[in-house]
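Read off the chains here:
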Amino acid sequence: MTVAGRHDPFGIHGIIVLLTGLGCAFCLIRDYYTPEPGADRLSSYYDEPIKAGILLALIWALIGMFFGDWVAWLLAYPQMTFDADWSSFGRMRPIHTTGVIFGFGGNALIATSFHVMQRTCRTRLADQLTPWFVLVGYNLFCIIAVTGYLMGVTQSKEYAEPEWYADIWLVVVWVAYFALYLRTLARRREPHIYVANWYYLAFILVVAMLHIVNNLALPASLARAKSYSLFSGVQDAMVQWWYGHNAVAFFLTAGFLGMLYYYLPKRAGRPIYSYRMSIVGFWGITFFYVWVGSHHLHYTALPQWVQTLGMTFSVMLLIPSWIAAANALLTLNGAWHKVREDATLRFMMVAAVFYGLSTFEGSFLAIRPVNSLSHYTDWTIAHVHAGTLGWNSMIIFGAIYYLVPQLWKRPHMHSPALVEFHFWSAIAGTFIYVFAMWNSGITQGLMWRAYNQSGTLAYSFLDSVMAMHPYYIARAFGGLLFLIGTMVGVYNVWRTIQAAPAHLTQTEQPALPGSPQAAPLVGS
Amino acid sequence: MFGTHYKLERYSIGLVVAIIVVASIGGLIEIAPLFTIHETVEKAPHMRVYTPLELAGRNIYIREGCYACHSQMIRTLSDEVERYGPYSLAVESQYDHPMLWGSKRTGPDLSRVGGKYSDKWHSEHLNNPRSVVPQSIMPAYAFLKRTELRTVDLSMDLAALKRLGVPYTDAMIKNASDDAKGQTDPDGSWADGVRARYGEATNVRAFDGDPGTVTEMDALVAYLQVLGHLTDVAHASEPGVSK
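In order, the protein sequences belong to chains A and B.
Mapping of the first sequence onto the numbering used here: residues 1 to 524, in sequence order.
Mapping of the second sequence onto the numbering used here: residues 525 to 767, in sequence order.
If you're looking for bench data, these hints aren't it; they were derived computationally from the structure.
The C-beta atom is built at its ideal place from N, Cα and C for all residues, glycine as well.
Just so you know, not all the hints are guaranteed correct.
Calculated cross-link-like contacts (lysine to any residue; reagent style SDA-like; alpha-carbon spacing at most 25 Å) [unchecked claim]:
#, chain 1, residue 1, chain 2, residue 2
1, B, K531, A, R188
2, A, K409, A, T123
3, B, K628, A, R188
Computed footprint of chain B on chain A; a stretch qualifies when at least three of its residues, placed anywhere within it, have a C-beta under 8 Å from a C-beta of chain B [stated by the list, open to error]:
#, region
4, 306–314
5, 334–342
6, 420–426
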């Protein structure tokens, strides 16, 4: 890669891959000379990759949110950047989306899935090497993606921007991940596979399917980063939004419901409210979601029947979504006093509430006439951030605050007060952000379609741009609050780890049976 | 039903197969017919393809993420038709690998921006949007004018697109690099070749105001100026729009 792509960003990516490869080879060779571990290793959980995954998720959170807030300020003050190609809005925005969705969300999903699959199967990960391969390989993909954007390497497909070679690499990593999951499930000491695992499985499988189909492309040359999508025009649009909306469905929903279904009952100390609701919610979400992508293309050149199907299924989707959210909230019955006292559990509770709210908003926005107003405006941005800040980030932080003391063997987080602080700044940031974007989105939509008495358009496009200014400042401020909360959280995690007695983290690993994990997760 | 599930969830492969089946149905039903139903894409017999220079411009548009702020899809709503022109037809993006319909209008729709402004306006606007539109929040792309366009690879790009079904001829592929230069230099020796291969109506101009070197600014402006002009079928028939 390095040699072939001398004249292309492809070459720089070759260097990055080469260095990563050398780094891994070094680690492997070093490990080769350490003494063979005893057989007792097999009777304990393998938590090191989980720890690494959590730390990587936090690093990506900082990167992704930092770039997000930067580009948010750029929309208010477009000069706040450098006279350089890499620092314009269009190149930095995908760093934000990839950084938070795939970097932060993805690493959190991988780390928590490693944790949940071991605990709910009461077995150790199937082998030593694959978890590291998955983790390192996945992060290599993320690094190639974001460095590519800075150099202008992108396919322009939203949330699938990385070029063909990064996509192929991700497939390799993903197959290893899937195999690891199945092999660990095969070793389980529980006859039944717990709900959280269904969701993680759906996440892994369907994301693979979406990723492969949407990224089918022909490289212009094997020595260049550039490729051309196999599909064009209307078919490409449909494939893209089939992918785009199901990235929301299976990356940002299914995987995260897996998290919710494990960590919320655990933290609350209550079994899941209803087994039947879990089943209906799961299959409903898996079936309905796949149809709804076309609601991104209302009133476009996409045939109307596809638009109508998309709208219909989007509305029906509300039922399984609310069943899943209700199942989570009803689980808290009898534990509400804990929600009041424990910020970690409160993170999870708020996540479930925002999940319910944003799925409602999603179904609403998918209705054609509503969409005629909201589409192309900031309302979509408000909706997405209610989901990602209010739901995805909150459940990740809840899970992290639950996991860090447990994995690093501390009685609690370094500072519970800072967890409280993080909670409130995250909530405040989310509200400011979402309200600002609701206002700007609806204002924009109304201004674009406003006619004056003589029957001509009342506002120029520029009028609507100027009207956005105060909202863009408020949004950037809300985002900043959220980012500050994250920074405090990272500091707190770091102090907690620092304080951990070193010998404990090195040698002792939690024993398998008899641990509190054995407590029942499933109610009647 | 719940009893069956109670059994199913004991088998990981069973779950895997069930998930794949359940999750495939929707996509298959919605996507597969788009490739087979012929009415999906209208006919436009005289539609031309992008010239190498315009294609390079399009790739710059993709590279810079212009699609993050600009749509290229006018919906069938009366205010949009009034603001931007006839609503977009599927056929207009039939050669677009990938499509750039976009999802967000931080800036206005661009699908019919070709010919709306002069080359000079675009060049100044891209160089510093606030010099022509003081309230603009669009980023400045001053480096485009400073950067020479890499034209040597363009044959590969055309060849790849041809394999995907875009009707480029062998002559177009062979002369791609020269045509890119020719399109920016109306008095030069390559200009006639461009007109011969892509039609008399092709814009052959020094888009960035300087006929000497071919810059990225030339390419991007050439692309912007052809938007909405590859075919005129959208203007020809205009059935009613919904309100």
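Practice item. Any hints from earlier that this structure breaks? Give me their numbers in increasing order, please. Key: Result: hints 3, 5 and 6 break, sorted rising.
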